[in-house]
Every structure is written in structure tokens, then in C-alpha cells.
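Student: Residues per chain, in single letters:
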Amino acid sequence: MASSDQILQYCLSGLSTGAIYALIGIGFAIIYNSTGIINFAQGEFVMLGGMLTVFFLSVAVLPLPAAVTAAVLVATLVGVIFERLAIRPLKDAQPITLIIITIGGSILIRGIVMLVWGKDTHALPAFSGNEPLFVGGATILPQHLWIFVITVLIIAANRLYFHHSISGKAMRACSYNARASRLVGIDVKRMVLFSFAISAAMGSMAGIIIAPLTMTSYDVGVMLGLKGFCAAIIGGMSSGIGTVFGGLIVGVLESLGAGLVSSGYKDAIAFFILLIILFLRPQGLFRKGETERV
Amino acid sequence: MKRELLKFLLFAIVVSVVPAFVSGGYLLNVLVFVGIFTMLAVALNLLLGFAGQISLGQAAFYGLGAYMSGVLTASHGMNPWVAMLIGAGAVGLLTFVLGFPILRLKGHSLAMATLGLGIIVYIFFNETVDVTGGPSGLSGIPNLTVGSFVFDSDLKNYYLIWGFALLAILLAVNLTNSRIGRALKAIHQSEVAARVLGVDVHLLKVEIFTISGVLSAIAGSLYAHTVMFISPTSFGFNVSIELLTMVIIGGLGSIYGSVLGAALLTLLPELLRTFQDYDIIVYGLLLILMTMFMPGGLVRGIPDAAVALYGKLKGGGADVER
Amino acid sequence: MGKIIFKTLSVLCLMLAMASVTVAAEPIKVGALFSVTGPASFLGEPERNTAVMVVDKINKAGGIKGRKVSLIVYDTQGDATKAVQAATRLIKDDKVVAIIGPSTTGDTMAVIPIVEKEGIPMISCAAGIKITDPAKKWVFKTAQNDNLAVQRIYEYLKTQGIKRVALLTVSDSFGSSGREQLKGLAKSYGVDIAADETYGPKDTDMTAQLTKIRGSEAKAIICWGTNPGPAIVARNVKQLGITLPLIMSHGVSSKKFIELAGDASAGIIIPSGHVIVADQLPGSDPQKKALMSYVKEYQARYKAEGDHFGGHAWDAMTLVKMALERGAATPAAIRAQLEKTRNYNGIGGIFNFSPTDHAGLTKDAFVMVTIKNGDWVLIKDKKAGGKAGAKK
Numbered sequence: 001m002a003s004s005d006q007i008l009q010y011c012l013s014g015l016s017t018g019a020i021y022a023l024i025g026i027g028f029a030i031i032y033n034s035t036g037i038i039n040f041a042q043g044e045f046v047m048l049g050g051m052l053t054v055f056f057l058s059v060a061v062l063p064l065p066a067a068v069t070a071a072v073l074v075a076t077l078v079g080v081i082f083e084r085l086a087i088r089p090l091k092d093a094q095p096i097t098l099i100i101i102t103i104g105g106s107i108l109i110r111g112i113v114m115l116v117w118g119k120d121t122h123a124l125p126a127f128s129g130n131e132p133l134f135v136g137g138a139t140i141l142p143q144h145l146w147i148f149v150i151t152v153l154i155i156a157a158n159r160l161y162f163h164h165s166i167s168g169k170a171m172r173a174c175s176y177n178a179r180a181s182r183l184v185g186i187d188v189k190r191m192v193l194f195s196f197a198i199s200a201a202m203g204s205m206a207g208i209i210i211a212p213l214t215m216t217s218y219d220v221g222v223m224l225g226l227k228g229f230c231a232a233i234i235g236g237m238s239s240g241i242g243t244v245f246g247g248l249i250v251g252v253l254e255s256l257g258a259g260l261v262s263s264g265y266k267d268a269i270a271f272f273i274l275l276i277i278l279f280l281r282p283q284g285l286f287r288k289g290e291t292e293r294v
Numbered sequence: 001m002k003r004e005l006l007k008f009l010l011f012a013i014v015v016s017v018v019p020a021f022v023s024g025g026y027l028l029n030v031l032v033f034v035g036i037f038t039m040l041a042v043a044l045n046l047l048l049g050f051a052g053q054i055s056l057g058q059a060a061f062y063g064l065g066a067y068m069s070g071v072l073t074a075s076h077g078m079n080p081w082v083a084m085l086i087g088a089g090a091v092g093l094l095t096f097v098l099g100f101p102i103l104r105l106k107g108h109s110l111a112m113a114t115l116g117l118g119i120i121v122y123i124f125f126n127e128t129v130d131v132t133g134g135p136s137g138l139s140g141i142p143n144l145t146v147g148s149f150v151f152d153s154d155l156k157n158y159y160l161i162w163g164f165a166l167l168a169i170l171l172a173v174n175l176t177n178s179r180i181g182r183a184l185k186a187i188h189q190s191e192v193a194a195r196v197l198g199v200d201v202h203l204l205k206v207e208i209f210t211i212s213g214v215l216s217a218i219a220g221s222l223y224a225h226t227v228m229f230i231s232p233t234s235f236g237f238n239v240s241i242e243l244l245t246m247v248i249i250g251g252l253g254s255i256y257g258s259v260l261g262a263a264l265l266t267l268l269p270e271l272l273r274t275f276q277d278y279d280i281i282v283y284g285l286l287l288i289l290m291t292m293f294m295p296g297g298l299v300r301g302i303p304d305a306a307v308a309l310y311g312k313l314k315g316g317g318a319d320v321e322r
Numbered sequence: 001m002g003k004i005i006f007k008t009l010s011v012l013c014l015m016l017a018m019a020s021v022t023v024a025a026e027p028i029k030v031g032a033l034f035s036v037t038g039p040a041s042f043l044g045e046p047e048r049n050t051a052v053m054v055v056d057k058i059n060k061a062g063g064i065k066g067r068k069v070s071l072i073v074y075d076t077q078g079d080a081t082k083a084v085q086a087a088t089r090l091i092k093d094d095k096v097v098a099i100i101g102p103s104t105t106g107d108t109m110a111v112i113p114i115v116e117k118e119g120i121p122m123i124s125c126a127a128g129i130k131i132t133d134p135a136k137k138w139v140f141k142t143a144q145n146d147n148l149a150v151q152r153i154y155e156y157l158k159t160q161g162i163k164r165v166a167l168l169t170v171s172d173s174f175g176s177s178g179r180e181q182l183k184g185l186a187k188s189y190g191v192d193i194a195a196d197e198t199y200g201p202k203d204t205d206m207t208a209q210l211t212k213i214r215g216s217e218a219k220a221i222i223c224w225g226t227n228p229g230p231a232i233v234a235r236n237v238k239q240l241g242i243t244l245p246l247i248m249s250h251g252v253s254s255k256k257f258i259e260l261a262g263d264a265s266a267g268i269i270i271p272s273g274h275v276i277v278a279d280q281l282p283g284s285d286p287q288k289k290a291l292m293s294y295v296k297e298y299q300a301r302y303k304a305e306g307d308h309f310g311g312h313a314w315d316a317m318t319l320v321k322m323a324l325e326r327g328a329a330t331p332a333a334i335r336a337q338l339e340k341t342r343n344y345n346g347i348g349g350i351f352n353f354s355p356t357d358h359a360g361l362t363k364d365a366f367v368m369v370t371i372k373n374g375d376w377v378l379i380k381d382k383k384a385g386g387k388a389g390a391k392k
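Chains as they are written, first to last, in the numbering used here: chain A, 1 to 294; chain B, 1 to 322; chain C, 1 to 392.
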């Protein structure tokens, strides 16, 4: 039988991976809300964050804070370039076509990284040591604290931006109704660009803070991206607290599933619960039902 | 309708004479796989192109068909044809039952649900080691036979698989030109309008989902009996994405486009081999460029481009009627 | 109507373009199937590099009996479907006399029906025991069978007096094959499996599984996987403060693992091929010469450490070369010569093929090594426990 210490450990482990899923999920949601696109390249930003940091640390020999900043900047730039070159030129494209383009983009980014930096896995040093910290009978690493703190900060910043700045409010307006927003003078195209920039930055940050725990390589983005997508769906594609809970739920479910039921089926358990949630509440757990626009 | 039939016959003739021009080597082997992917792409296109319902888990049905055939024949010594039938029936039942809740979902939720389904099935292939052989796969699957005739060469399999693929195409062509097809197109354009006109939209979607699943399962059975070995990696998420790409590149809603998409994506790695290690980049780039510049897919894109080029050469008058 | 003709023509053109690729048949053509990209690229890439290196060396030395060797490498991407296509191409279009690879058990199992039917000798570089058990006429392998590594581990545990273990294996073909052997051989070594956990190849956190293991009665943990999973496991073990001995598989036997796991790698024990401790072997070791030249040549050419996996390709290519040197020219003759291989001192061990044994190695192919001060250290074999170990 599982002891309470074990349960605590499962929950803590789940929460820390869940926080990462949440960050990635919010990136999905931001782009989805402003464009209606499910950006399958989201996971690649996560990968870019980790790989670029490794690059700036080892090849350019920057100190960690500078390397992190540089990595986020470059990843954001990639997001912006991607939007400019591949998304913007398409007017009135079907969402499904756009999905394919993002899949193409994700293959392209992954391919370039593979060629430039090879297929090896790279480790990133922890931000502040590897000495485990005790929480009751469970242990976490200082890096987990970094993950929690940075996630909270990013989400808070997000909220400030979307609710208290002009461009943030404009972006929200676009997500409700792009045509009406255009009528009141909002530059919708610019907002789309912003959304790509923000979610690329968030994704890369997620990739950086998790890399010391999980290592990084050119192909880490795929699975993380899917889990993030999962988080966003449970959260009802909200770019706020809903997706955060979505991420934490997925993370904890996985961890509990592995610990209490079967480690082989843990992803199946997580996805099964996702299906149930979708069947019962297709709009996500945290969003009121909406009628479809005709 | 007559025109469609003519088109089909012509295509069937082309398919049946192709082996005469291919010297029986490697290319024929690739064309066998093109046939399998054609079936899969056509099946997905029915769902995506005509009913407008996305599926990111199509490989699950393909895999279920393959594993049903593989397990029943290799481990239980069942007749391959019976196994194929059971596989198709089981997948049909599964898609029909699951179709009801899943197809109530729309857009990204539907994408996620089908994706999740695909991943769950994939995990089961991996984890039920005693039944499926797990990640190291299942071998010892026999070829299909008719009496004492064994489908054990590429040429025989070519005709076998393309026979099935042609049937699938015929079915799809018929479906799209039937009352159901017109109703489907209506769903695609405006679901509400279709519903108002008295179309039982939901049931129709479920039916298409089922047909699509059954076709994929049969393709899976054919794969299992041709390759004689199956492992979970052939039915993972990336395969679902590959199928989606075939349909989009060929052209949403165009049956022959799917054939072209399947052929192109199966042959593409071959054509890209000159790029060596750069092939993955070229692949990604092609995907982006093709969808950007030929959003209607190759089937519409190539004639459009040809017409545009023709117009340019003639100097103006680009609006040639097609 | 015009549309259709256009379509037909373009398809036909495509086919003609593809069919017209032919080459004059002067050199000896050897085919290679490696998963150079995709999830198993950690196998395929060093294997491809090594095979190319070996062939270049052969050609620089004037080839075999005056004929150059041309190596045709196709990437299977670790996908059975692509492996089948590539194998067909090697046999039907390129008309190779032998095939080395594929890298993974799955690819190999998929290709076996073709080589058996066409009668082309193939030397697989994958570890799965199913490949040569039962022996198939045309199929050989150079990667050590998993059961040999498992036997080594259980013998080692016996010397340590450990009887209860927890398994943590990756859910891909490498891990599941290891898991099968670990469970299958446990009884004959009197080992009790207290926990049997798995993790996904792309999982990023294994603390849940390890927490469960910590709560079990296991006295040692055996983790079976390839980078980066085991490195994460090593770190998670340290994070959770678990002090049980941690034993891993030969799947991590490269410096890369130590680099990834960092401090957490200290004290981990693995069964490994001789290659990572080549310089620590006594000069009398029959494999030492081959090992040292492999390590040196790989380092010189690729500026990287030649690993265990590349060694499989070295052995496969060298076996083919030796068969050719003994006068074999046709696929059938090469197969016959391969089967007669005796006492070949390779990277993976000392090979002795026979009509019933196409894997050719014994458990002596493995040594137990541990990690000390960020490097691999040979655990001296006491032989006492080794011989006493229950066999069959």
C-alpha cells in the first residue's frame, strides 16, 4: 500500500512536470486564441530554449543568466520569423492547412537543430545545485523551486499583460472577434505576430527551466508539446489559470498513475481521463459552454 | 457520374499496366506501399475532406487492423482472410461506438480526442507484450493465400493491394456522388444549415468515421500480411500526421489527390536522398511551401500552375476555363 | 480529361526517373541499413560512421583481392516499413552481396523475411535474442544478446549476496527485450523481482516509479534503457536519496552517459562490452588489439569516442571482409564462410559462429564496470562467483 510520504512525492513530482505542461499549454492557447491555429511547432520552441541555452553556455561561454536571456530572445525571434514567413502570407487559409504548415515548421526547426548541433542529448547544469530538499517525507530539488517560481512569475506577468495593458487587451479583443477588433482600429496582424512572439518566449523559457532535470536534445519537443496541448484543452484553451490547472492535472495524473496503477500505462491513463473530460465537458473544465458561431 | 466512372476506369487501367513499365525491382515494392497508403489517405480524406472532421489518430485504426490480423494468424493460426474480416469488423464496431461521443466534439477538441485515442491505442500495442509482442514487434505473420496461390512476391501483392485500393477509391467516389456525399459536403460548408435541411448530421458523421476506420483496418491487415512483421512504431503519432499530410498535399476532398499525396510522400524520401542528411529540412520546407502555394493541394495546384504558365506564355488571358 | 492525362504522364515520368538509376558493377557491393535518424539514431549514427570508416580503410589498402568495396547505406529511421523498402532496394536494385545492420531489433525482424527469401546474408547490429534464436539460415548478428548481459548482472548480484531486485525498464524494443530476459532468467539465479516498473522513451521524470521502488523490498535497482532515460533515473535516484546499488544495462556504456548523469553517475554498475575499458585490459587480452585500433581510428576521424554500438558495425563489416578475403564472392558463399567464422577477436567479443549459433558470443563478451571519478573502471572478475553461477 502506498504510504502518505509516497503520495506526497507523487504529487510533488507531478506538480513540477505539470507546471511545465502548463507553460507550454498557455503558449498553445495564446496562439489559438488570436489565430485559431493549433501550433504544432510549440514543442519546438521548448526544445529551442534548452538547446540554445546549452549552446550559449558551452560555445559562446556566456554566464547562465546571459545565456538564458539570449536563448529566449533567439527563440522568440524564431517564432516571429516563422509567423512572418509561413503564417502571415496566407490569407483566408483553412485552419487545417495552417495546422499542416505548423507541422512543416516543426519538422523544419527540428531538422535544422539536428544538423547544426547533432543528435546528442545535452545536460544543462542546475541553476542552484543538486542537493535535495526535504518536504515532509518527500524530496525535491532546488531546480523544482525554480520551476514553480518562474511559472508563477510568467503567469502573473501574462495576466498583467492581458488585463492591464493596451496591447494585451487588444489581443484579447482579437480572440473574441477579429473582425470587430479590426473595425475599432486594432492591428490584428500585429496581434498575431505578438502572440507568436509571446508563446515562443514562454515555450523556450519552459524548455530552459526543465532542461537541468530532463536534459535536452533536438527531439524533446514532440512529447512535451503534446502534453502541453493536452493541458490547454483541459483548460478550455484559456491563456490563464484554466490551462495552469490543466497542466497540473495532467502532471499529477501521470505521476499518480505511474505510482499507484502502472507505469507502463501512465500516459494512457492521462489521455483516457482527457477523453472522459472532453466527452463530458467539451469546452474544457474551466470554461462555460459557448454556442457555436454560425 | 459517368465522367467519374470513366475517370476511375482510366485510373484502374493505369494502375494495372504500371508493373509492365517497372522492372520488378525496388520501385515495385515502393508502389505496393503506395497502395496501402492510398487506402489510408482515401479513408482519411472521406472524414476530413468530405465530412470536415479532423482525425489525428488514424494510425490507431490502421494499427488495430494490422494487429488483429497479425495476432490472430501468427499466434492463433487463423485463416488470414477471416482474421482480416474480424479485424475490420472489430474496428468498425469500435469506431461506430466511439464515434458518437467523439464526433460531438469540434475543432481542436476533436483533434485532441482523436490524438488521445491514437496514443492510447499505441500504448496498448507497446504494453500488452504477451499479446502483441510489445515494442520488439510480432513476426511470423503469413502471406495471404487463395487456395494454393500465395501472395508472396511484390508483383502479386501489388495487384492484391491495388485491387483493394481501387475498391476503396470506387467506394469513396460513389459515396461522394451519392445523396450521402452531397449531405456530407453540406456538413462541411455549414453544419447548422445541413441540420436545418433535415440531415441527421451526427449519425452521418459517425457512419463516415466508421467507414474510414474499416478501410484503415483493412489497409492494416494488408500491411501485416505483406510485410509479415509488425511493430508499434509503424502505427504511431507520426504516421497519423503523415497521413494527414498526404491528404492535405493531395487536396482536401479530392480522392485522386489522396492517391497522388500518398504516392508523393512515399516516394519523397527517395527523391530527397540526393540531399542526404539535409532531407528532413527539405521535407519540412516542402510541406510549408506546398501548403502555402498550393493550398488546394496538388490536384488543383498543378493544373492551376500549368494554366497560369500557359497563360503567361500566351501573353495574358490567364483565366482559361477549366 | 486533360487533367488525367497530365497526372498519368507526371506519374510515369517520376517512375522512369527512378528506374533509370543503375551503376556499373565493378566493386563488391555491400549494403547497410542503419537508423541514422529517428529515435534510434544513437545506434545508427555511430554504426554508419564506423562502417564507412572500415570500408574506407579496406579500400585504401587496395580493396579485397583487387576489388574495391562499395558500401551502400540506407537510413531506416527506425521504422520497420522503411527498413523493408530499403532492404528490397539493396537486394533488388543495388544487388548487394551482403547486408550489415539494421540497428534495431524491430527493423531486423521486419527485414528477415526478405533476406531469407532472397538468400542474402545479413549481419544485424541489433541485440534482440529473437533475431538468431532460433537460428535462421541467412541471418547473423554481432550485438551481444541481452541474456548474456543479464547473466553477468545476476552473477554479480550473487557475489554481492543480493537476492531481491527492482526492474525499471524503458518501453521500447531495447528495454522490453531486457525486461523479458531479466524476468526469464531470475528464477535460475535465485533472484526475486520485487518491483517491475517501466518508463516511456521520452519521459522526463521517473521519480514516481522510483518512489514506488523505494517502498518495495528490493535490495538493488536494475535500470534497462538507453540515453537519456537512465541518466534521468540516476539523477532521480540521487534526488530521492535512494542508496540501493544501481545497475544499468550496456545500453549506456559510453562516456556520454557519465556526462549526462553528472555526479549522480558515481557508483553505477553496468555490464559492458570491452570497448569502454579497452586501455585497462591486460596486454594479453586477445581483443585488445582490435579494441585499441577501433578507439584510435574513430577518435582520429570523427573527433568522438567510439562506442559499443559502433563496434557492432565494425564487427559486422569485418566479418563480411573476412568472408570475402577467404574467397567468397556470391551471397551463398559469403554465408557459408560466415558460418565458419572461428575465434574472431572483435569489438563485441570473441565470435564463433556455427550452423546452430549465429550470434557467436558467450557471456565473456561482457565485463562488469563501474563509474569512479567520472570514468569507467573495470571491476576485476573474481571468477569464483562466475563459474558457480547456475547455468541452465
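Hint data in this document are derived by calculation from the structure and do not stem from the laboratory. Since we're looking at a predicted model, the values are computed, not measured. We put the CB at the ideal spot given by N, CA and C, even for glycine. A portion of the hints provided could be inaccurate.
[Stated by the list, open to error] Listed next, with one range per pair, are the computed distances between beta-carbon atoms:
| id | chain 1 | residue 1 | chain 2 | residue 2 | range |
| --- | --- | --- | --- | --- | --- |
| 1 | C | S188 | A | P125 | 56 to 66 Å |
| 2 | C | K303 | B | L155 | 25 to 35 Å |
| 3 | A | R190 | C | S216 | 23 to 33 Å |
[Unchecked claim] Under 10 Å between C-beta atoms, here's a sample of chain A residues computed to sit facing chain B:
| id | residue |
| --- | --- |
| 4 | S3 |
| 5 | I7 |
| 6 | C11 |
| 7 | L85 |
| 8 | P89 |
| 9 | G105 |
| 10 | I109 |
| 11 | M114 |
| 12 | W117 |
| 13 | V192 |
| 14 | L193 |
| 15 | Y265 |
Student: Hints first: check each against the structure and report whether it holds.
Tutor: Taking the hints in turn, this is what the structure says about them:
Separation of S188/C from P125/A is about 44 Å and departs from the stated range, judged on CB atoms against 56 to 66 Å. Taking 25 to 35 Å as the suggested C-beta distance range, the pair K303/C and L155/B does not conform, at roughly 48 Å. The hinted range of 23 to 33 Å is not satisfied by R190/A and S216/C, whose Cβ atoms lie roughly 57 Å apart. For S3/A, the shortest C-beta to C-beta distance to chain B is roughly 26 Å, which exceeds 10 Å, and the interface hint is violated.
Using the Cβ-Cβ criterion of 10 Å, the hint placing I7/A at the interface with chain B is not satisfied: the shortest such distance is roughly 24 Å. About 23 Å separates the beta-carbon of C11/A from the nearest beta-carbon of chain B, more than 10 Å, and the hint is not met. Taking 10 Å as the C-beta cut-off, the interface hint given for L85/A holds, the closest approach to chain B being about 8 Å. Evaluation of the P89/A hint against chain B yields a held restraint, the C-beta minimum of about 6 Å falling below 10 Å.
Look at G105/A: its Cβ gets to within about 6 Å of chain B, closer than 10 Å, so that hint holds up. Using the Cβ-Cβ criterion of 10 Å, the hint placing I109/A at the interface with chain B is satisfied: the shortest such distance is roughly 8 Å. With its C-beta approaching chain B no nearer than about 7 Å, M114/A sits inside the 10 Å limit, and its interface hint holds. A distance limit of 10 Å between C-beta atoms decides the matter here; for W117/A the minimum to chain B is near 13 Å, and the interface restraint is violated.
Hint status for V192/A relative to chain B: violated, with the closest Cβ pair at about 16 Å, above 10 Å. A distance limit of 10 Å between C-beta atoms decides the matter here; for L193/A the minimum to chain B is near 17 Å, and the interface restraint is violated. For the restraint placing Y265/A at the interface with chain B, the shortest Cβ-Cβ distance is roughly 6 Å, inside the 10 Å limit, so the hint holds.
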